[in-house]
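> So the sequences go chain by chain: A and B. The first sequence begins at 1 in my numbering and counts up by one. The second sequence begins at 1 in my numbering and counts up by one.
Treat the hints as calculated values from the structure; they're not laboratory data. One or more of the hints may lead you astray.
As the list claims (entries may be wrong) - Within a straight-line C-alpha distance of at most 20 Å, the following computed EDC-like cross-link-like pairs (lysine to aspartate or glutamate) qualify: (1) Lys309/B / Glu81/B; (2) Lys195/A / Glu81/B; (3) Lys195/B / Glu239/A; (4) Lys309/B / Glu81/A; (5) Lys309/A / Glu81/B; (6) Lys362/A / Asp374/A.
Number of protein chains: 2
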Amino acid sequence: MAPESADDSVLVDARRLERFVFTAFSALGLSESNARDAADVLVKSDVYGIESHGVPRLAGYVGRLRNGSIEGNPEVVVVHELPSTALVDGANGVGMVVGKRAMEIAIRKAEATGAGFVSVRNSSHFGIAGYYARMALEHDMIGFCMTNVGSGGATPATGGRTGFFGTNPIAVAAPTGTPPAFVMDFATTVVASGKLQIAQRRGQEVPLGWVVDSEGNQSTNPADRHGGGYILPLGGMRETSGHKGYGLLLLVDILSGVLSGAAVGATATKLTPEGARAEQARSDGAGSNTGHFFGALRVDGFRPVDEFKAQMDEMMSVIRGSERLPGWERIFVHGEPEWEAERDRLENGIPLDRPTYDSLVKVAKDLDIPLDVDL
Amino acid sequence: MAPESADDSVLVDARRLERFVFTAFSALGLSESNARDAADVLVKSDVYGIESHGVPRLAGYVGRLRNGSIEGNPEVVVVHELPSTALVDGANGVGMVVGKRAMEIAIRKAEATGAGFVSVRNSSHFGIAGYYARMALEHDMIGFCMTNVGSGGATPATGGRTGFFGTNPIAVAAPTGTPPAFVMDFATTVVASGKLQIAQRRGQEVPLGWVVDSEGNQSTNPADRHGGGYILPLGGMRETSGHKGYGLLLLVDILSGVLSGAAVGATATKLTPEGARAEQARSDGAGSNTGHFFGALRVDGFRPVDEFKAQMDEMMSVIRGSERLPGWERIFVHGEPEWEAERDRLENGIPLDRPTYDSLVKVAKDLDIPLDVDL
Numbered sequence: 001m002a003p004e005s006a007d008d009s010v011l012v013d014a015r016r017l018e019r020f021v022f023t024a025f026s027a028l029g030l031s032e033s034n035a036r037d038a039a040d041v042l043v044k045s046d047v048y049g050i051e052s053h054g055v056p057r058l059a060g061y062v063g064r065l066r067n068g069s070i071e072g073n074p075e076v077v078v079v080h081e082l083p084s085t086a087l088v089d090g091a092n093g094v095g096m097v098v099g100k101r102a103m104e105i106a107i108r109k110a111e112a113t114g115a116g117f118v119s120v121r122n123s124s125h126f127g128i129a130g131y132y133a134r135m136a137l138e139h140d141m142i143g144f145c146m147t148n149v150g151s152g153g154a155t156p157a158t159g160g161r162t163g164f165f166g167t168n169p170i171a172v173a174a175p176t177g178t179p180p181a182f183v184m185d186f187a188t189t190v191v192a193s194g195k196l197q198i199a200q201r202r203g204q205e206v207p208l209g210w211v212v213d214s215e216g217n218q219s220t221n222p223a224d225r226h227g228g229g230y231i232l233p234l235g236g237m238r239e240t241s242g243h244k245g246y247g248l249l250l251l252v253d254i255l256s257g258v259l260s261g262a263a264v265g266a267t268a269t270k271l272t273p274e275g276a277r278a279e280q281a282r283s284d285g286a287g288s289n290t291g292h293f294f295g296a297l298r299v300d301g302f303r304p305v306d307e308f309k310a311q312m313d314e315m316m317s318v319i320r321g322s323e324r325l326p327g328w329e330r331i332f333v334h335g336e337p338e339w340e341a342e343r344d345r346l347e348n349g350i351p352l353d354r355p356t357y358d359s360l361v362k363v364a365k366d367l368d369i370p371l372d373v374d375l
Numbered sequence: 001m002a003p004e005s006a007d008d009s010v011l012v013d014a015r016r017l018e019r020f021v022f023t024a025f026s027a028l029g030l031s032e033s034n035a036r037d038a039a040d041v042l043v044k045s046d047v048y049g050i051e052s053h054g055v056p057r058l059a060g061y062v063g064r065l066r067n068g069s070i071e072g073n074p075e076v077v078v079v080h081e082l083p084s085t086a087l088v089d090g091a092n093g094v095g096m097v098v099g100k101r102a103m104e105i106a107i108r109k110a111e112a113t114g115a116g117f118v119s120v121r122n123s124s125h126f127g128i129a130g131y132y133a134r135m136a137l138e139h140d141m142i143g144f145c146m147t148n149v150g151s152g153g154a155t156p157a158t159g160g161r162t163g164f165f166g167t168n169p170i171a172v173a174a175p176t177g178t179p180p181a182f183v184m185d186f187a188t189t190v191v192a193s194g195k196l197q198i199a200q201r202r203g204q205e206v207p208l209g210w211v212v213d214s215e216g217n218q219s220t221n222p223a224d225r226h227g228g229g230y231i232l233p234l235g236g237m238r239e240t241s242g243h244k245g246y247g248l249l250l251l252v253d254i255l256s257g258v259l260s261g262a263a264v265g266a267t268a269t270k271l272t273p274e275g276a277r278a279e280q281a282r283s284d285g286a287g288s289n290t291g292h293f294f295g296a297l298r299v300d301g302f303r304p305v306d307e308f309k310a311q312m313d314e315m316m317s318v319i320r321g322s323e324r325l326p327g328w329e330r331i332f333v334h335g336e337p338e339w340e341a342e343r344d345r346l347e348n349g350i351p352l353d354r355p356t357y358d359s360l361v362k363v364a365k366d367l368d369i370p371l372d373v374d375l
């Protein structure tokens, strides 16, 4: 959620913001290392400029931890494994703690064999997928991460009307010699839900290709996604290959949901008596049984790291330097906007919009901790 | 390439067509097993109804084998490996032979460790990516395949004007209990180049969102992709998230090109003296140095195969049976159209359009082999 207007936003210090979030999670009973991990994932999102997933969501995590619907110190266990694979049970833990633990397992397996892949069940919302993919970079590995979030059913299959898929993000990170690294991280729907919420709040229209109404017609009204409409998959309508985005949505659900035994889609879980009970338990405040998928590949399992990085740098440089269309000032490579935001925001502070800042004030009051983050 | 009209097409028998292609490859010096592999990949494409990649391309392969620009019996070698990874050199071989060999290596590694990933350099066009992903299915594995084909530069980065990426397909196959299996296989551009060729030949307009002209404006004229225009990445223009498709294009080039040391993009290879020489050699008829990426994950490296398949079946059944938008008769899952085409075409024959049939007549004449495929 971007600031409503520049006037309305509050500049905060990144390190003190992270300290505040750490203190909040500590107050909720998370161990020092769990609170540190959860705070790091959350605030990195704000530092990278991905405001939909950072501290604007803190109050949500706090609420779920307080009412016991997620566990702050989960006993994350490997249920089954082979040298290069593992099934991990997240013990209904806060997603950031489960996610870091599971990606560490993938990296350890890749160190041993060249490749490590971990599918996770019984977890919860884990913040930005890109965080976990990035963890591979310092090991000179290529990192992968997916999650079937929001299986409340934002988007149906092509031709369908019943919401089935969440926004199911895919993230991949690959090292370069010269920063920034390649980091792609995006919802496999056309846009994430947060962008529509902002447009709706501001009374703005959205571009054609984002939303259809309950009759399946394209609409520029963001509110039309409710009451039978929905957010389109990447690719948009069928004639512009929306079925490819539908395939990616399905892929994320297969690797992070079906492969782990996590909840898959809004409707599927309701089909069986067991699923119906789970849905009921969920709406009563129990775990979401969110699934994740993590992967790591050692670059030197294929070719020498320095050769790989040199060719990455060359490719990125050719792309950045190539001729531009009229009206385009710059060509970006994935990971570059976040890298620039990071340098800017660590130095000059993070702008939080007023509702987000107010939500932090409330968290501080509820947990009886000080909020001292303003620049 | 679909038939220009029903009247104009010729029905041929699938098994005799495969025999003909096998005989053609044998006549060009391929060993019995190489000719069998190459014919199987090519004709499966026609059997699945993916007419852009089947026997319509036979004359192209024949031409490249005859002029020596690709090798019919390549010595495919593992250059470097770890228990779960390998770099493979395709020895400038015909892509179908290299591809099958490399995917077999990925599967063997997955048998041993749970995961196997292989990046391939120095190969050539290998037909449909889905063929190789499907090879994982009979081993109860999830299969992955990508290739940076057509690095002649169909599509630039978002905001760019210089063609850089090919159509860079991604394929993933996952087993189900009840057929068909999940098989997605698509270009990461909005559409594959073949669809535009057909529209242009027929003088038809294409939907908005496929092509931009040389000024970066959307166009319904398929010819506008030439002379400075291009095919858009999946997602279309920037405002409908074309940068996500650009990310997928880049991902395919990283995993199949940079990770292996294959050619990457049209422009990058020209940057260095070595690259410029390679480009020159290529236009003189030498190898394309195409890259591929293959992967296999053992389902039982995560959870029992029967549980996985049962949940896949349930999910597919929910999606197929869900409520439809007005005007939609059916909801498809990826892999289903190909499965139905296969059953129909093995029984009732494969319709080849006249230009394709004529190209087979010419191949038969050039190689002095009989063409006896008509139903």
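> Against this structure, judge whether each hint is valid.
Taking the hints in turn, this is what the structure says about them:
Under the criterion of a C-alpha separation no larger than 20 Å, the hint pairing Lys309/B with Glu81/B is inconsistent with the structure, at around 31 Å. Among the hinted pairs, Lys195/A with Glu81/B is inconsistent with the structure: their alpha-carbon atoms are about 44 Å apart, more than 20 Å. Of the supplied pair hints, the one linking Lys195/B and Glu239/A holds, its CA atoms being roughly 12 Å apart against a limit of 20 Å. A hinted pair counts as satisfied when its Cα atoms are at most 20 Å apart, and Lys309/B with Glu81/A qualifies at roughly 19 Å.
Pair hint Lys309/A plus Glu81/B holds up; C-alpha atoms about 19 Å apart against a cutoff of 20 Å. Distance check on the hinted pair: Lys362/A and Asp374/A sit about 15 Å apart at the alpha-carbon level, within 20 Å; holds.
In the structure shown, a violation is registered for the earlier hints numbered 1 and 2, in ascending order.
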